[in-house]
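Engineer: One letter stands for each residue in the lines below.
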Amino acid sequence: NAGVTQTPKFRVLKTGQSMTLLCAQDMNHEYMYWYRQDPGMGLRLIHYSVGEGTTAKGEVPDGYNVSRLKKQNFLLGLESAAPSQTSVYFCASSSSGTSLPGELFFGEGSRLTVL
Amino acid sequence: RKEVEQDPGPFNVPEGATVAFNCTYSNSASQSFFWYRQDCRKEPKLLMSVYSSGNEDGRFTAQLNRASQYISLLIRDSKLSDSATYLCVVRADSWGKLQFGAGTQVVVTP
Numbered sequence: 001n002a003g004v005t006q007t008p009k010f011r012v013l014k015t016g017q018s019m020t021l022l023c024a025q026d027m028n029h030e031y032m033y034w035y036r037q038d039p040g041m042g043l044r045l046i047h048y049s050v051g052e053g054t055t056a057k058g059e060v061p062d063g064y065n066v067s068r069l070k071k072q073n074f075l076l077g078l079e080s081a082a083p084s085q086t087s088v089y090f091c092a093s094s095s096s097g098t099s100l101p102g103e104l105f106f107g108e109g110s111r112l113t114v115l
Numbered sequence: 116r117k118e119v120e121q122d123p124g125p126f127n128v129p130e131g132a133t134v135a136f137n138c139t140y141s142n143s144a145s146q147s148f149f150w151y152r153q154d155c156r157k158e159p160k161l162l163m164s165v166y167s168s169g170n171e172d173g174r175f176t177a178q179l180n181r182a183s184q185y186i187s188l189l190i191r192d193s194k195l196s197d198s199a200t201y202l203c204v205v206r207a208d209s210w211g212k213l214q215f216g217a218g219t220q221v222v223v224t225p
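Chains as they are written, first to last, in our numbering: chain A, 1 to 115; chain B, 116 to 225.
Treat the hints as calculated values from the structure; they're not laboratory data. Wrong hints could be hidden among the right ones.
DSS-like cross-link-like pairs, simulated, lysine-lysine; straight-line CA separation at most 25 Å [stated by the list, open to error]:
(1) A:57 <-> B:117
(2) A:9 <-> A:70
(3) B:212 <-> B:157
(4) B:117 <-> A:70
(5) B:160 <-> A:9
(6) B:212 <-> A:71
(7) B:160 <-> B:212
(8) B:194 <-> B:160
(9) B:117 <-> B:160
(10) A:57 <-> B:212
(11) A:9 <-> A:71
(12) A:57 <-> A:71
(13) A:70 <-> A:57
(14) B:194 <-> B:157
(15) B:157 <-> A:9
(16) A:57 <-> B:160
(17) B:157 <-> B:117
(18) B:160 <-> A:71
(19) A:9 <-> A:57
(20) B:117 <-> B:212
Here the structure is a predicted model, which is why all the values come from computation and not from measurement.
The task is simple: from the sequences and hints, build the whole structure.
Structural biologist: See below:
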């Protein structure tokens, strides 16, 4: 039972480079999220999706784009990486929003360093 | 002002002792409250929900104080395996968007 899988786990980029983080879940969850976690700060929501083909901005969306072409996958793209995007990125999924019990299922995280 | 605030710690706790810590939230309309646990360099995992009347899950007790806008977590008979960062999480709106605190670190020592 894989749950939520993120790839890659680690990546080093140079300023201006682009990359895509892939998140895959096998729990048939409708909702998927991308968060970033920085020292001394709580997880901050970048973008989220409430279903296949839909995406919406979260708290800190600038510099990121997302796509949800398939229900099980949620991609996070950085078009032109900046050092401020050095962070740990977590993907999460949940079964629903309105009756959410509060349980998000997280991937193991992707550590991104932008030089 | 952060919407969810926690004492970062660390709380150094001898094995077998009790530790408690709070989390304050700024939005009085907040509807649901949770504690997540995050081990070092790992992903967060749900520890327990926090109900209005307070609730226990084994050695863990969670309380909600709506008047003063804080929630608390108490850990009894601390185990070495309880060493982790505990994230306070608040749901403020109906669709389920969650606000995370930065976490309280607990270190249980032998």
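Engineer: None of the hints should be skipped; say for each whether it holds.
Structural biologist: Taking the hints in turn, this is what the structure says about them:
Distance restraint check for residue 57 (chain A) and residue 117 (chain B): the Cα-Cα separation of roughly 20 Å lies within the 25 Å cut-off, and the hinted pair is therefore satisfied. Taking the CA atoms of residue 9 (chain A) and residue 70 (chain A), the gap is near 21 Å; set against the 25 Å cutoff, the hint holds. A threshold of 25 Å between alpha carbons decides the hint, and for residue 212 (chain B) with residue 157 (chain B) the separation of about 22 Å falls inside it, so the pair holds. A threshold of 25 Å between alpha carbons decides the hint, and for residue 117 (chain B) with residue 70 (chain A) the separation of about 35 Å lies outside it, so the pair is violated.
As the CA atoms of residue 160 (chain B) and residue 9 (chain A) are separated by approximately 18 Å, the hinted pair is consistent with the 25 Å bound. Using a Cα cut-off of 25 Å, the hinted pair residue 212 (chain B) and residue 71 (chain A) holds, with the two alpha carbons roughly 19 Å apart. Among the hinted pairs, residue 160 (chain B) with residue 212 (chain B) is consistent with the structure: their alpha-carbon atoms are about 16 Å apart, no more than 25 Å. With a CA separation close to 18 Å, the supplied pair residue 194 (chain B) and residue 160 (chain B) stays within the 25 Å bound.
Restraint check for residue 117 (chain B) and residue 160 (chain B): the C-alpha separation of about 22 Å stays at or below 25 Å, so the hint holds. The hinted pair formed by residue 57 (chain A) and residue 212 (chain B) meets the criterion: a straight-line CA distance of about 12 Å does not exceed 25 Å. A hinted pair counts as satisfied when its Cα atoms are at most 25 Å apart, and residue 9 (chain A) with residue 71 (chain A) qualifies at roughly 22 Å. Simply put, residue 57 (chain A) and residue 71 (chain A) have alpha-carbon atoms about 18 Å apart, close enough for the 25 Å limit, and the pair holds.
Restraint check for residue 70 (chain A) and residue 57 (chain A): the C-alpha separation of about 18 Å stays at or below 25 Å, so the hint holds. For the hint linking residue 194 (chain B) to residue 157 (chain B), the alpha-carbon distance of about 19 Å falls within 25 Å, and the restraint holds. Of the pairs offered as hints, the one joining residue 157 (chain B) and residue 9 (chain A) holds, with about 12 Å between alpha carbons and a cut-off of 25 Å not exceeded. Under the criterion of a C-alpha separation no larger than 25 Å, the hint pairing residue 57 (chain A) with residue 160 (chain B) is consistent with the structure, at around 24 Å.
Proximity of residue 157 (chain B) to residue 117 (chain B) is assessed by CA-CA distance (about 24 Å); at most 25 Å being required, the pair is judged to hold. Restraint check for residue 160 (chain B) and residue 71 (chain A): satisfied, since their Cα atoms lie roughly 22 Å apart, inside the 25 Å limit. This hinted pair checks out: residue 9 (chain A) and residue 57 (chain A) have alpha carbons roughly 24 Å apart, not beyond 25 Å. Distance hint between residue 117 (chain B) and residue 212 (chain B) is fulfilled; the C-alpha atoms sit about 16 Å from each other, no more than 25 Å.
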